[in-house]
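Asks: Let the hints inform the model, and build the full structure from the sequences given.
Protein chains: 2
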Amino acid sequence: MKSLSLLAGTAVLAVATIATAHADEDMHPTVVARHAQMQLYAYNVGILGGMAQGKIDYDAEAAQTAADNMVALTSMNTASFWPEGTAEGTKAQPAIWENLDDFMSKGEDLAFEAQGMADVAGNDLASLQGAMGNLGGTCSACHREYRAR
Amino acid sequence: MKSLSLLAGTAVLAVATIATAHADEDMHPTVVARHAQMQLYAYNVGILGGMAQGKIDYDAEAAQTAADNMVALTSMNTASFWPEGTAEGTKAQPAIWENLDDFMSKGEDLAFEAQGMADVAGNDLASLQGAMGNLGGTCSACHREYRAR
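Protein chains in written order, with the working numbering: chain W, 1 to 149; chain F, 1 to 149.
To be clear, the hints were calculated from the coordinates, so they are not data collected in a lab.
Among chain F residues calculated to face chain W with C-beta under 10 Å, some are: (1) 37; (2) 40; (3) 46; (4) 78.
If you're wondering where the values come from, they're calculated on a predicted model, not measured in any experiment. A virtual CB, placed ideally from N, CA and C, is assigned to each residue, including glycine.
Replies: Dropping the structure here:
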């Protein structure tokens, strides 16, 4: 992780010069990146969860798209998003860096359940609902240990 | 687009209940999602561009990861991120909705050049630099027409 942490530090300048318009100026670029990652998870899981709960009408194509997007997002390698020393001012718990292998394995759990959702989301509402518990469970499992309330 | 726009509207509640912690409360969830998408582009292109410009030491593994992440991100279907009526208060130009096919095709151009970068980014710095112009060019081409300065 050391070289990636150093890289993330030196990436500040590049991100600042190339894409200032998108970066929140007060946040470390890795914090911006992981918040963005979580927001895209939330958007897609929000659609799937809304359908599962009956708050959004089930739409096979939209459900499949949201599930496929989760597969794409969870295929990213996000190791560089979590350099040590970037917890302050965020909800990231120090436990992340004490258990980095476990933390990263929870990301793999999410990827696995995203694929499980993508395998069935476009079939029908009952199939989507059947996969929702496992998918949502991986969110909760990680947040419980590694995100401040 | 109509059903997706409606869907995006009704997704507000679901996103709010499932994942409040990640959503910016004042923004439409599709605006949050597309800002997040751009931030993740900026993070990864920032690493690649920083290396191309010599501001970050070239690292084959980190370059390959950033390029692969761009391939993953650009494989998302983001049509639902852009419902009509969501330009206000953002840098999105009304021209997006007057030329939606062209706008979406510019996203496909980005995906194509991201794959071009991923094909060579891990080889050596000269290869990365050679692919950077086309990749950065797709960012500029879209921003020039569709993003306010």
